[in-house]
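Trainee: Sequence order for the protein chains is A and B.
The C-terminal residue of the first sequence carries number 457 in this note's numbering, and the numbering is unbroken.
The C-terminal residue of the second sequence carries number 214 in this note's numbering, and the numbering is unbroken.
These are computed hints drawn from the structure, not numbers from a lab.
Careful, some of the hints might be misleading.
[To be verified] Interface residues of chain A toward chain B, partial, derived using beta-carbon atoms under 8 Å:
1. Asn382
2. Ala423
3. Phe435
[As the list claims (entries may be wrong)] Among the chain A residues that face chain B by a calculated CB cut under 10 Å, a handful are:
4. Ile361
5. Phe367
6. Leu368
[To be verified] Derived CB-CB ranges, DEER-like:
7. Ala142(B) / Pro419(A): 41 to 49 Å
8. Asn437(A) / Gly207(B): 33 to 41 Å
9. Ile171(B) / Lys408(A): 46 to 54 Å
10. Gly304(A) / Gly164(B): 55 to 63 Å
11. Lys248(A) / Lys85(B): 53 to 61 Å
12. Ser214(A) / Thr78(B): 45 to 53 Å
13. Thr35(B) / Val217(A): 44 to 52 Å
14. Asp268(A) / Thr78(B): 33 to 41 Å
15. Asp180(B) / Val450(A): 16 to 24 Å
16. Gly164(B) / Val450(A): 28 to 36 Å
17. Val285(A) / Ser160(B): 15 to 23 Å
Even glycine gets a Cβ: it sits at the ideal position worked out from N, Cα and C.
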Amino acid sequence: MKLSDFDFSRLKSFVVPALILVTVVLLIPFAFIPLLDNAKKTNDSLKQEQERLGRLSEKLDFLNSLDEKDINDKLASVELALPVGKSLAPLMVGVHNLAVNSGFLIEDISLSPGRVGTESAKKEVVTADTSQEEASQGKSKVKQDRLDRLVLSLALRGSIGALEDFLSRLESAKRLSFAGNVKANLSEERGFEVRINLLTPFRPIPKLAGDILAEPLPLLSAENEETLKLIEEFTNFTDIQINEVNTKVKDPFKGR
Amino acid sequence: MAQGINLLPEVTEQEVRKDVYKRKLNVVSIAALLAVALILLGIFAYQLSLKTLKTRAERESKNLEEQISFQKEKEIAQRALVDKLDQIDKLLDEAIPVSSAVANVSNLAKGSGRVTITALDVKSDGDVDVSGKASDSNTLGKFFNALISTNIQNIFDEVTLTTLSGERGEPYNFTINMDFKLKGLKKNETF
Numbered sequence: 202m203k204l205s206d207f208d209f210s211r212l213k214s215f216v217v218p219a220l221i222l223v224t225v226v227l228l229i230p231f232a233f234i235p236l237l238d239n240a241k242k243t244n245d246s247l248k249q250e251q252e253r254l255g256r257l258s259e260k261l262d263f264l265n266s267l268d269e270k271d272i273n274d275k276l277a278s279v280e281l282a283l284p285v286g287k288s289l290a291p292l293m294v295g296v297h298n299l300a301v302n303s304g305f306l307i308e309d310i311s312l313s314p315g316r317v318g319t320e321s322a323k324k325e326v327v328t329a330d331t332s333q334e335e336a337s338q339g340k341s342k343v344k345q346d347r348l349d350r351l352v353l354s355l356a357l358r359g360s361i362g363a364l365e366d367f368l369s370r371l372e373s374a375k376r377l378s379f380a381g382n383v384k385a386n387l388s389e390e391r392g393f394e395v396r397i398n399l400l401t402p403f404r405p406i407p408k409l410a411g412d413i414l415a416e417p418l419p420l421l422s423a424e425n426e427e428t429l430k431l432i433e434e435f436t437n438f439t440d441i442q443i444n445e446v447n448t449k450v451k452d453p454f455k456g457r
Numbered sequence: 024m025a026q027g028i029n030l031l032p033e034v035t036e037q038e039v040r041k042d043v044y045k046r047k048l049n050v051v052s053i054a055a056l057l058a059v060a061l062i063l064l065g066i067f068a069y070q071l072s073l074k075t076l077k078t079r080a081e082r083e084s085k086n087l088e089e090q091i092s093f094q095k096e097k098e099i100a101q102r103a104l105v106d107k108l109d110q111i112d113k114l115l116d117e118a119i120p121v122s123s124a125v126a127n128v129s130n131l132a133k134g135s136g137r138v139t140i141t142a143l144d145v146k147s148d149g150d151v152d153v154s155g156k157a158s159d160s161n162t163l164g165k166f167f168n169a170l171i172s173t174n175i176q177n178i179f180d181e182v183t184l185t186t187l188s189g190e191r192g193e194p195y196n197f198t199i200n201m202d203f204k205l206k207g208l209k210k211n212e213t214f
């Protein structure tokens with residue numbers, strides 16, 4: 202049978218259903234599926250927005266319940282233990298006075314500030330027995346903590362009793378100071394010659410990134426409350442008025 | 024003549040069925056199209072409602088953000104407080120109570136009789152070297168045993184006599200190495 206002999210008029214009645222079928226088939230990939238995708242994305246973003254709203258609401262309730270004066274008082278107390286900056290002058294005078302009150306004679310107090318201090322602190326943290334992997338973890342821990350330390354090297358002369366007393370006072374002092382290496386050698390004429398590396402940490406305010414507004418507010422844990430009580434009982438040896446004079450040195454760490 | 028001539032062509036049963044099928048096909052096609060159109064309309068309406076809800080949630084969030092921003096200083100203070108206390112907790116937990124190491128060595132030496140400490144080296148990892156003089160072997164033994172016994176209290180561990188020298192009639196010179204096990208400054212143990 203040839204194509205020219207075929208009666209196409211018989212197909213007229215099938216045109217409408219065929220067109221409808223084609224339209225329905227085309228609608229699925231070009232309209233139906235994209236619409237569903239859009240609806241899904243909008244739904245996901247609505248869920249995120251609602252979660253964020255929940256967090257904001259919770260945070261606001263918590264903020265409203267906090268007493269700003271109480272927080273500032275506690276922060277002032279904690280600042281004495283772990284200050285934002287080096288607070289060098291009261292620290293050195295305070296350590297000097299502590300040593301003298303313990304019965305030591307001061308031969309020398311020298312300082313390794315800032316980054317150098319942090320390098321020393323890294324060496325102090327990484328112990329001789331630690332494996333390389335643990336050592337790298339120890340080093341990275343110092344970096345991640347962003348905890349800077351001043352290192353004071355003390356050369357003192359006195360007795361074992363004085364050393365015990367000095368270290369004990371340091372360990373219950375508000376400005377946190379930790380004795381690194383302690384060496385005491387008995388000299389017949391001069392008593393014990395003591396060398397101490399004193400690590401005094403300070404913590405600059407950490408920078409926050411990301412969506413801070415919706416970030417939940419941290420709470421004081423039970424351990425934090427205990428620590429707060431503990432450091433409030435510590436002695437403040439840096440509560441010293443130091444009269445500032447113009448030495449014409451802008452930055453003692455860099456020289457003139 | 025009674026018989027008439029039927030000029031109408033005969034419609035076969037097949038053709039009647041064909042017409043019925045054609046009509047059914049048209050109805051089904053139109054119904055399918057309407058159904059798809061309804062579904063699409065439904066999805067549109069759903070999406071519109073989602074967008075409305077999202078806009079409302081964003082507006083409320085903005086309002087809450089403004090209220091939170093007014094209390095920015097309080098938030099900064101609270102974050103700084105918790106951050107510092109966490110750091111202090113860590114420092115106090117990891118610190119070695121060197122005063123306790125010195126006190127324990129000194130007290131044990133005094134309790135053992137005529138033992139004189141001539142050198143003491145406490146490292147940051149808790150490794151301790153004690154050098155001194157003991158009047159006689161009994162005194163040295165008493166001191167050494169006292170150091171070993173504190174292992175029960177987990178104060179000194181791996182106590183090793185590293186050097187020993189002495190001449191007749193002279194005190195013994197000794198060096199002892201040990202690990203100081205105590206950690207943390209929240210509690211201090213002195214024997």
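Trainee: State for each hint whether it applies.
Mentor: Verification of the hints:
no. : hint                              : in the structure
1   : Asn382                            : holds, 5 Å
2   : Ala423                            : violated, 11 Å
3   : Phe435                            : violated, 10 Å
4   : Ile361                            : holds, 5 Å
5   : Phe367                            : holds, 8 Å
6   : Leu368                            : holds, 4 Å
7   : Ala142(B) / Pro419(A): 41 to 49 Å : holds, 47 Å
8   : Asn437(A) / Gly207(B): 33 to 41 Å : violated, 22 Å
9   : Ile171(B) / Lys408(A): 46 to 54 Å : holds, 51 Å
10  : Gly304(A) / Gly164(B): 55 to 63 Å : violated, 32 Å
11  : Lys248(A) / Lys85(B): 53 to 61 Å  : violated, 18 Å
12  : Ser214(A) / Thr78(B): 45 to 53 Å  : holds, 50 Å
13  : Thr35(B) / Val217(A): 44 to 52 Å  : violated, 24 Å
14  : Asp268(A) / Thr78(B): 33 to 41 Å  : holds, 36 Å
15  : Asp180(B) / Val450(A): 16 to 24 Å : violated, 49 Å
16  : Gly164(B) / Val450(A): 28 to 36 Å : violated, 58 Å
17  : Val285(A) / Ser160(B): 15 to 23 Å : violated, 56 Å
The structure fails hints 2, 3, 8, 10, 11, 13, 15, 16 and 17 (numbered hints given earlier, in ascending order).
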